[in-house]
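Enquirer: Sequence:
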Amino acid sequence: MGWLQRLFGLEKPHNEEVPAPQSAAQSAPAQASATRVATATETIPAERVGLNGEYDQSGLAKRVALAFDQNPEVADIDSVYVAQLGSTVVLKGKVSSQEVLNKLVNLARGVKGATGVETNQVTIG
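Under this note's numbering, read the sequence shown as residues 19 to 143, first letter to last.
Wrong hints could be hidden among the right ones.
BS3-like cross-link-like pairs, simulated, lysine-lysine; straight-line CA separation at most 25 Å [what the hints assert, rightly or not]: (1) Lys110 with Lys121; (2) Lys112 with Lys30; (3) Lys121 with Lys30; (4) Lys30 with Lys110; (5) Lys110 with Lys130; (6) Lys30 with Lys130.
It should be emphasised that the hints constitute simulated quantities derived from the structure, not laboratory data.
Please build the complete structure, drawing on both the sequences and the hints.
Expert: Structure below.
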């Protein structure tokens, strides 16, 4: 079971590339179901862009989970969880080594919208 399935109950999108943030005018149908209403000139903050370019409160965490799914070195890890606080990715759980944690951190940092990665809730061992 992959990261997206385990953490969010989602399958990988058919088009695994996440589109750039859209303006509210471009994504009106997607935003109609969102809990946040934007003006016509606003764009979706990078940390709130979902897997399909829509507004998603957990968009960054889902895109990080997708990045983990796409990397064979970490795709099978099932003892770490991904959350987000604004534009900060929060990793929680347990990893086997510092090298594995470093790989997760580097992948998470590479996701558009991530300004930091918090690992103080991850144990090694």
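Enquirer: For each hint, tell me whether it holds in the structure or not.
Expert: Against the structure, the hints:
1. Among the hinted pairs, Lys110 with Lys121 is consistent with the structure: their alpha-carbon atoms are about 14 Å apart, no more than 25 Å.
2. Taking the CA atoms of Lys112 and Lys30, the gap is about 24 Å. The hint holds against a cut of 25 Å.
3. Restraint check for Lys121 and Lys30: the C-alpha separation of about 21 Å stays at or below 25 Å, so the hint holds.
4. Between Lys30 and Lys110, the direct Cα distance comes to roughly 22 Å. Compliance with the 25 Å bound is thereby established for this hinted pair.
5. The suggested pairing of Lys110 with Lys130 holds, with an alpha-carbon distance near 20 Å, which does not exceed 25 Å.
6. Of the pairs offered as hints, the one joining Lys30 and Lys130 holds, with about 18 Å between alpha carbons and a cut-off of 25 Å not exceeded.
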